[in-house]
Structures are given as C-alpha cells and as structure tokens.
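Fit chain B to the supplied structure of chain A, relying on the hints for placement.
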Amino acid sequence: MRWFFFLLLLLPNLLFAQDLFKAMEALRAEKKEALFELQQTKKRVAKERQGLRAEIERLKRELKALKEKVRTEERRFEELQAKRDRVLRAQQEVQQEAKALEGIIRGFAKDLKAYFDQSLTIGEAKGREEVLGRALDKGRFPGIEDLKGLVETVLQEIELSRDTVLVEKEFLSSKGELLKGRVLRVGEVAAYWIEGSKVQPLMASGGKLRALGGRLPWNVRQTVRRFVKGEGRDLYVDPSYGAAFAFQMERPGLYEHLKSGGPIVIPIVLIGLFALGIILERIIFFRKLKISKEWRERVIKLAGDQDWDGLREVLGQSRGHPCGRVLLRLLEAKGQKREVLEAVLDEAILREGMALERFLPTLKVLGSVAPLLGLLGTVVGIISTFRAITLFGTGNPRLMAGGISEALVTTEVGLVVAIPVMFLYSYFSSRAERLSVEIEEMGLILIRFMEEEGGGNS
Amino acid sequence: MEEILRVVQEGGALMWPILGVSVWMWAIILQKALELRSLKVGGLERPLCERLSLLGSQKRSRYLALRAAELELDKGLRELQALIAIAPLLGLLGTVMGMDKAFWVIAYHGMGNPRALAQGISEALITTVSGLIVAIPGLFFYGLIRKRIEEAKVGVKELVHGAFAQEEVR
Chain A
1 MRWFFFLLLL LPNLLFAQDL FKAMEALRAE KKEALFELQQ TKKRVAKERQ GLRAEIERLK
61 RELKALKEKV RTEERRFEEL QAKRDRVLRA QQEVQQEAKA LEGIIRGFAK DLKAYFDQSL
121 TIGEAKGREE VLGRALDKGR FPGIEDLKGL VETVLQEIEL SRDTVLVEKE FLSSKGELLK
181 GRVLRVGEVA AYWIEGSKVQ PLMASGGKLR ALGGRLPWNV RQTVRRFVKG EGRDLYVDPS
241 YGAAFAFQME RPGLYEHLKS GGPIVIPIVL IGLFALGIIL ERIIFFRKLK ISKEWRERVI
301 KLAGDQDWDG LREVLGQSRG HPCGRVLLRL LEAKGQKREV LEAVLDEAIL REGMALERFL
361 PTLKVLGSVA PLLGLLGTVV GIISTFRAIT LFGTGNPRLM AGGISEALVT TEVGLVVAIP
421 VMFLYSYFSS RAERLSVEIE EMGLILIRFM EEEGGGNS
Chain B
459 MEEILRVVQE GGALMWPILG VSVWMWAIIL QKALELRSLK VGGLERPLCE RLSLLGSQKR
519 SRYLALRAAE LELDKGLREL QALIAIAPLL GLLGTVMGMD KAFWVIAYHG MGNPRALAQG
579 ISEALITTVS GLIVAIPGLF FYGLIRKRIE EAKVGVKELV HGAFAQEEVR
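As you go down the protein sequences, you meet chains A and B in turn. Note that my numbering gives residue 191 to position 191 of the first sequence, counting from 1, and the numbers run on in steps of one. Note that my numbering gives residue 600 to position 142 of the second sequence, counting from 1, and the numbers run on in steps of one.
Among the hints, erroneous ones may be present.
Said to hold, decoys possible - If you only want the chain B side, here are some residues facing chain A, beta carbon under 7 angstroms, derived: (1) Gly514; (2) Leu522; (3) Arg525; (4) Ala526; (5) Leu529; (6) Arg536; (7) Ala540; (8) Leu547; (9) Met555; (10) Asp558; (11) Phe561; (12) Ile564; (13) Ala565; (14) Gly568.
It is worth saying that the hints were derived from the structure and are not from the lab. Note that the Cβ used here is the ideal one computed from N, Cα and C, for glycine as well.
Looking at chain A on its own, in the form it has when it is part of the complex:
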C-alpha cells in the first residue's frame, strides 16, 4: 500500500514532470533572454553614462566660459560707470563755471549800475538802462551780447566823462520837484545848475540828479558864472561824488554861525558895532588933523616976520583945526607976560586934548571886554555841554562836539572884535599924543616970537 501510495503520489509527479521540464526549459530561455536583455541594458546604460559625462564636461566648460564672460562684463561695467562719473563730474564743473561766470557778469553789471547811479552823466547816456536791465534780468543767462553791451556802456561813460558840457537836463530840486534846466557838467566831477545868476551844485544818487539846497560860497559861484560866460578857465570840481559840495552847503553861513553861539554873541556883536562906530568917528576926526609941513612953515614964517594980521587970517582959515584954535587963542592974549601965555596955552591944549583923546579910553575898555565876554560865552557853552553829558552820557560824540563847536563861536567873535580894536586903539592914542606935542610945540614957538616982539618993542 505504501508503495502504492507512493506511486500514487508519484504518478502526478510523473505526469507533471513532463510539464516541469517544459516549464524549466521555458524559464531557462526566459532567464537567458533576461540576461541578454540585462546585458543589453547595461551596455546601453554605460553608453548613456558616457554620453552624459561628455555632456557634463561640455556644460562645465560652457559654465566656465560664461563665468569668464560675466567677469569681463562686470569689469566693463565698472569701467563704464567710472567713465560716467567722470563725465558727470566734468558736466558739474562746467555748470559751476557757467554759474560763476553768470555771477561775475551780474556782479559787474550791479557794480556798473551802482556806479552809474552816482554818475553825473545820468540822462545823457542813451540805452544804458536797458542794457543794464537785460544783464541783471534773473530769468535769462547773460550772454556775450549782454557783455558787449556792458562794455559799450563803460566806453560811453568814459567818453562822456571827458567833456565839459552845457546841457538841458532833468533833475530833482532840493524840494523834490522834477525840473528841467541848464546844467554845466564837468566830466563826472562837478555839475552846476545855472539859472540866471543862481548856481546850485547837482549831486547824483540813486540814479537821480538832485540839486543841493543852500548856497555855494561866493567865489565858487563866481568862477562858474565866469566860465559859462567864457571869461574864465577855472572851475571848482568835487571828485568825491558830491560829498564835498554837500559838506560845503551844510556848513552854516555867517548868520547861522553867529546864532549858534548863543545869547552872549549879541553883546559882543553890539560891542563890536559900537567900537566900529567909534573907530569910524576917530578916523574921520583924525583925517582932518594932519599938520602939514607947508602950513607949519607958513605959520612960523608969519610969526617970525611979526605979521600978526596975516597970521590971524591964516589961523582963521584953519579954525576947524585944533592947532589953529589953540594958536588963535594965544594970539588973542598977545602982549601978556610969558607965564600968562603959557597958562593960556595949557588951558587951550587941555581943551583940545580932550577932543583928541575922546572915546579912546572907551575903545580900550571895549577892546578888553570883548574877548572876556567871548571867554565867558565859551565857558557857559562848555558848562551846558557838560551838563548835557551828565544827563545823556558820552554815548553821542556828535552832541558833545556840536556843543563845544558852538561854545567856541563866542571866543571867536570876541577875538575878531578885540584884535582890530586893540590895534586901532594903540594907533589912535599914539596919533593923539603926537598931535598934542605938535600943537604944544607950535604954541611955544608962537609964544617965543610974541615975546621977542614984546622984548623988541620994549
């Protein structure tokens, strides 16, 4: 049984064994095929790998080349950037330069305008305003044309400043009215407005001509008038653009000068006038009183000849003369004793001497009082100035200087009065002394001749 069973078991196997072999055969074939295929695939893979490797190599090379390119490009970029910066900088420089140039031209134009505004040629130069206006216009760049225009105005100014001309011009009067009148312009250093005998200096400021108020000194006006008439070749000029004229016009005249000295000037001036009156009276008085040599010799000759009637006649003619009066008086006392005659002479001389010396002591007093009053006025003025200083401090030197300047006026006036008065006093008193000696001499001569006659008769 067991075999059977074994056989039984074997039978299928034998049955299947056939199939198994067949299957094994198939499998072997399949394996072989698979192997072949594997090999094939391996081969292919290897081939592909090789291709890919080559590809990688290629790509790597490419990458390298590209990197290289990037680097060069970057360098170029940098170079270009530097170049661009340079160009930009240069452009900026050029722009700055242009701006500076514009500034210079504007500055020049501004200076010119300031100069022309002070120039006396205002109103005579044509087109100057427009050229300056264009050059100073902020909205546009001052080009070469404007520059040429500016140069042109300068040349024009130089040309104008060369001439001395008489022109009709517009200007502002000292009260601010617009006037048109005859103006004598001397280059750029003086301009006078001439109307009739009136001569006023003009000053240019702020682009306007202005007449200065006040009066020019007499000699300046006279030279201008003479020049205009063609009589003179001299003129007063003012190279300080009107400052000297303004200064001159601001200076107080004689009246203002005296007035600024305060109340003490009044008595000094009165003293001066009084002294002047006395001096005039004395001059007139003494002018008639010269004892001429001819008269003197004639009288001596007549007395020597004992021609008393002739002498009386001559003396009667010169009754206006104190010497004549004294001698006449003596002649009337003829025949008396010498002592009496001398007494008569003394009395007559005393009387005439009073007339000779009249006012002279007064003149002396006036001459010495005037400077003292002047000093008083100065001291008073300085005291009030110092009082002002104690009130306001020394912050304003003008205030102080003005006070002192006014204080000095009285001293000035006092000295101006005193100096001629003192000198003339000395002159008059010596004249009076000399005259009285001369009269006495004539009297004594007459007495001698009268005595001689008396002695001769007796």
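What follows is chain B alone, placed relative to chain A:
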C-alpha cells in the same frame, strides 16, 4: 617859498593876517634898526638944535624939545608893540576857529572822517605856532630896540641939559 605857501594854505584863512602882521612887524624892526644905526653918528643933534632955535631956551621949551625928540625916537615903537601883542592873539583866533571847525566836523560826520577832522586840527595848531613864531623874535628885537632907544634918550637929555647948563654958566 613853496613850503611857506603850503604851510600858509594849510593853516587856513587866519594865516594871511598873521603873515601880514609878520611882514609889517619886520619892516618896522628893520626900519628902526637902520634908524638907530645912523643915530650913532650924532644925527640927533641937528634936528634938536633946529627945534630949540625955534622954541627958545625956556625951561618948558627945553622939556618940550626933549619930549618931541623922544617921540621921534619912539616912532613906530607903539605899532611894533601892538603888532607883537596881536600876532599871538591872531594865532589864538585861528586855533579857536580850527577847533570850531574840527568839532563841527565831528558833529556833522561823527568820528568817521579823520581827514576832515585833521584839517581843522592842523589849522588850529599851525596858527598858534605861527603867531608865536612871529611874536617871540619880535619881542626880542623890540627889547633890543627899546634898550637902544632908552640909551639914545639919555644921550638926548644929556645933550639938552648940557648945552643949556653951559649957556647958563656963561
């Protein structure tokens, strides 16, 4: 000469009268000096004798003759004295005027204009100096002349009194 003219111009208006006073003063001094020089020879005697011959010989006549002679000698001396007194006064006047001007410049311009200020001050200084320059030598020569004149006066006195003393003795 130009230098003098420049100084005169710098000194302002008062320099002309000072210059005038100076010229006048020196003219008198020169004239007196020449006069006194010629006097030495005895030029006094003749006019004195002429005068005395006219006046007679009374005491009073003698005194008058003396006085006239003295007056003759003193001629110009008073003017000289007055001129010497006036020169420094003119200088002072110039100084005061210059100071006035200077202070006026300050009042008008402030302290900003030293040139105009200096003009006034230079006027002030120059005039005083000129006044003194005129007066000091003037005073010196006045003294000399005065002394010579006093001497001459003594001589005249002696002459007159001596002559009449002899006459009276006779």
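Verification of the hints:
Annotation: Gly514(B) was flagged as interfacial toward chain A, and the flag holds, the nearest CB pair being 4 angstroms apart, inside 7 angstroms. The interface hint given for Leu522(B) holds, since its Cβ lies 6 angstroms from the closest Cβ of chain A, which is under the 7 angstroms cut-off. Checking Arg525(B) against chain A: minimum C-beta separation of about 6 angstroms stays under 7 angstroms; hint holds. The interface hint given for Ala526(B) holds, since its Cβ lies 6 angstroms from the closest Cβ of chain A, which is under the 7 angstroms cut-off.
Because the smallest distance between the Cβ of Leu529(B) and any Cβ of chain A comes to about 6 angstroms, under 7 angstroms, the interface hint for this residue holds. The interface hint given for Arg536(B) is met, as the beta carbon of that residue sits about 4 angstroms from the closest beta carbon of chain A, less than 7 angstroms. Annotation: Ala540(B) was flagged as interfacial toward chain A, and the flag holds, the nearest CB pair being 4 angstroms apart, inside 7 angstroms. Because the closest C-beta pair between Leu547(B) and chain A is about 5 angstroms apart, less than 7 angstroms, the hint holds.
Satisfaction of the interface hint for Met555(B) is found here, the shortest Cβ-Cβ separation to chain A being roughly 6 angstroms, below the 7 angstroms cut-off. Checking Asp558(B) against chain A by beta carbon gives a least distance of about 4 angstroms; that is within 7 angstroms, so the hint holds. Checking Phe561(B) against chain A: minimum C-beta separation of about 4 angstroms stays under 7 angstroms; hint holds. Given hint, Ile564(B) at the interface with chain A, holds; its Cβ is 3 angstroms from that chain's nearest Cβ, closer than 7 angstroms.
With 7 angstroms as the threshold, the beta carbon of Ala565(B) comes within range of chain A, its nearest partner Cβ sitting at about 4 angstroms, so the hint holds. Taken as an interface hint, Gly568(B) checks out: its beta carbon lies about 6 angstroms from the nearest beta carbon of chain A, inside 7 angstroms.
Checked against the numbered hints above, the structure breaks none of them.
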